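Each chain, written out:
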Amino acid sequence: MSDRPGSGADVIWAAGSPGLGAPADTEWEMVIGLEVHAELLTRSKLFSGSPNAFGGEPNTNIDPVCMGLPGTLPVLNRHAVELAIRVGLSLGSLVQPSVFARKNYFYPDMPKDYQISQYDRPINVGGSLELPTGKVIGIVRAHLEEDTGKTTHMGGAGRIDDAAYSLVDYNRAGVPLLEIVSYPDLRSPAEAREYVTELRSTLLAVGASDGKMEEGSLRVDANVSVRPVGAGEFGTRCEIKNVNSLRSLGRALEYEARRQIRMLSVGEPVTQQTRHWNEDTGRTSALRTKEEATDYRYFPEPDLVPLDPDPAWVERIRAELPLLPRERRHRLAGLIGEDPARVSLVTERGQDDLALAAIEAGAAPAAVLKHLEQNLADGSGELTADGLAELIGMEARGELTSNQVKDVLAEMVRTGESPATVARRAGFEAVAAGELAAVVDRIIAEHPEEWRRLCAGDGRERKKMQGFFTGQVMRATKGQANGRDVAALLADRAGS
Amino acid sequence: MTERISRDDVAHVAWLARLSLRADELERFTLQLGDVLDHAADVAALDLEGVPPTSHPYPVGNVLRADVPDGALDRAEVLAQAPETEEGQFRVPPVRGEAP
Numbered sequence: 052m053s054d055r056p057g058s059g060a061d062v063i064w065a066a067g068s069p070g071l072g073a074p075a076d077t078e079w080e081m082v083i084g085l086e087v088h089a090e091l092l093t094r095s096k097l098f099s100g101s102p103n104a105f106g107g108e109p110n111t112n113i114d115p116v117c118m119g120l121p122g123t124l125p126v127l128n129r130h131a132v133e134l135a136i137r138v139g140l141s142l143g144s145l146v147q148p149s150v151f152a153r154k155n156y157f158y159p160d161m162p163k164d165y166q167i168s169q170y171d172r173p174i175n176v177g178g179s180l181e182l183p184t185g186k187v188i189g190i191v192r193a194h195l196e197e198d199t200g201k202t203t204h205m206g207g208a209g210r211i212d213d214a215a216y217s218l219v220d221y222n223r224a225g226v227p228l229l230e231i232v233s234y235p236d237l238r239s240p241a242e243a244r245e246y247v248t249e250l251r252s253t254l255l256a257v258g259a260s261d262g263k264m265e266e267g268s269l270r271v272d273a274n275v276s277v278r279p280v281g282a283g284e285f286g287t288r289c290e291i292k293n294v295n296s297l298r299s300l301g302r303a304l305e306y307e308a309r310r311q312i313r314m315l316s317v318g319e320p321v322t323q324q325t326r327h328w329n330e331d332t333g334r335t336s337a338l339r340t341k342e343e344a345t346d347y348r349y350f351p352e353p354d355l356v357p358l359d360p361d362p363a364w365v366e367r368i369r370a371e372l373p374l375l376p377r378e379r380r381h382r383l384a385g386l387i388g389e390d391p392a393r394v395s396l397v398t399e400r401g402q403d404d405l406a407l408a409a410i411e412a413g414a415a416p417a418a419v420l421k422h423l424e425q426n427l428a429d430g431s432g433e434l435t436a437d438g439l440a441e442l443i444g445m446e447a448r449g450e451l452t453s454n455q456v457k458d459v460l461a462e463m464v465r466t467g468e469s470p471a472t473v474a475r476r477a478g479f480e481a482v483a484a485g486e487l488a489a490v491v492d493r494i495i496a497e498h499p500e501e502w503r504r505l506c507a508g509d510g511r512e513r514k515k516m517q518g519f520f521t522g523q524v525m526r527a528t529k530g531q532a533n534g535r536d537v538a539a540l541l542a543d544r545a546g547s
Numbered sequence: 266m267t268e269r270i271s272r273d274d275v276a277h278v279a280w281l282a283r284l285s286l287r288a289d290e291l292e293r294f295t296l297q298l299g300d301v302l303d304h305a306a307d308v309a310a311l312d313l314e315g316v317p318p319t320s321h322p323y324p325v326g327n328v329l330r331a332d333v334p335d336g337a338l339d340r341a342e343v344l345a346q347a348p349e350t351e352e353g354q355f356r357v358p359p360v361r362g363e364a365p
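Listed in order, the protein sequences are those of chains B and X.
The working numbering numbers the first residue of the first sequence as 52 and each following residue consecutively.
The working numbering numbers the first residue of the second sequence as 266 and each following residue consecutively.
Since the hints were made in silico from the structure, they are not lab data.
The structure presented is a predicted model; accordingly, all values stated were derived computationally and were not measured.
Built from N, CA and C at the ideal position, the CB exists for glycine as well.
Please note that the accuracy of each hint is not assured.
What the hints assert, rightly or not - Below, a sample of chain X positions facing chain B; criterion: calculated Cβ distance under 8 Å: (1) R272; (2) S285; (3) L313; (4) V316; (5) L338; (6) P358.
So here's chain B without its partners, still in its complex pose (with noise of 0.2 Å):
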């Protein structure tokens, strides 16, 4: 890892193609490192007072800033900068004084021609991120910039390289970003979504952004690379746009992977290159050769000062982050005495509170568990923590069947109501214990051929006989005896 400043992964990659003309058989790695880019939740633009909305007709959310109108100067959003830090203190960056810097280029998206980021002194460095299944992702940065309009290409079918003209929307230049950079940890499409995934529970978590990729208010650029197996440096990357939700990302980083291995062995050197993913054809096709940062001429803004965040101010921020995924997965787990991998899913509904609760009252862990995944995957609507831990309760004791108690949790999600009186009210009352047996003893009376076949039968037909009885006395307690009682008392009457 260099310490060269550079713009985001520029620093981290080295040059070099390992594997060039690597044999047939060579098992191939990937190695990838991601660019998510997240608008910040702020109502006006990062210096400027135009509103930072979506969906508004284009051009309606402009002013002299963001147009870059002569003689207009812009001035630091505070909240912009407080969403920035939450972030970086939420990945455990060092939040450090900052400079903006310019970052010239020309194209239309900037009216201004450049955009104004952070280069050489990002307000976040360093870091990591915790996936559930325990692996650790280090961040390089988290570093704000403003985001550019939007152009749309018209005529040659919307490809950038035919289009007869473009149309411009300026509504999101100066809209707040932050650009998080992690390091090339990850290792396959898969691991890549859930450091997506993970990461936007965290900016969702601590309020800093919508997350919403189908928005493009989270967006992700992907470096790609791939080596032999225990090749000790990286290969040279591609960087591949126009990911637009996290199917996207797994079918890119698949492809671009497979291209790459496909070159690679047959000894043709992969070129860095910016590549742009067709969702319709499902391939990657060479957009540009990857520039030089110094080609953009990063310099510092002259017409920003420095920000150095007072430390009373970070420190008051980091007291005020809410638990982030990460330590909601800790928490549950460590109580229910699980992997945090294994609680993951609950704690992304948003559920882990209510397990905490079901099981402060009393509830078997596993079994809230159970339930949670299971049984309240549309959320848990109206259900209180005090009335699961009841039903579980009624389970445990036997007094609902499994098929009854999904129903009684059903109408708890959309009622709010105890579990006794779900069950009263559905009549699902537990056949008395004397009762059953009289039903059982009548059932094996009715039916002397299919019990002798139970009673002499091997493991198989025995099995199959237990079903056919199980069967029988359901049908004639409407499904209100309990499976575990029934068996109990056929195994007794079978003597075994």
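Since the structure of chain B is already known, use the hints to place chain X on it.
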């Protein structure tokens, strides 16, 4: 004068700035930029151990504004100043790849 910058570097920088230079201009600017870099080298030769880098000439920092939207420009008025518009947007020549 030592060779601080090559003609090719100057041509590249000119292209990045979308400047079209004649051969004699390229020659002249190569010399002039060399002088500028010589001056920078003089500064770089100073013993600046312990002197923090400066990114801004004034001793001010942390100029922040409250996150309050204060209105937007009138679209019709803004678009009226553009050479070409379409559907409420700026119409621009086709973009061939991204700069630089």
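- Task: Have a go at the L338(X) hint: is there a Cβ in chain B nearer than 8 Å to its own Cβ?
- Result: holds, 5 Å
- Message: Can you verify the interface hint for V316(X): is its Cβ closer than 8 Å to any Cβ in chain B?
- Response: With a closest approach of 16 Å, the V316(X) hint is violated.
- Hint check, S285(X) versus chain B [nearest Cβ-Cβ separation less than 8 Å]: Interface hint status for S285(X): violated (14 Å vs cutoff 8 Å).
- Message: Given a cut of 8 Å on the nearest C-beta pair, is the interface hint for L313(X) held or broken against chain B?
- Response: violated, 17 Å
- Interface hint outcome for P358(X) [beta carbon to chain B under 8 Å]: Interface hint status for P358(X): holds (6 Å vs cutoff 8 Å).
- Item | Hint check: 8 Å Cβ-Cβ cutoff, R272(X) to chain B | Violated - the Cβ of R272(X) stays beyond 8 Å from chain B, reaching only about 18 Å at its closest.
Going down the numbered hints, you'll see the structure goes against 1, 2, 3, 4, while the others check out.
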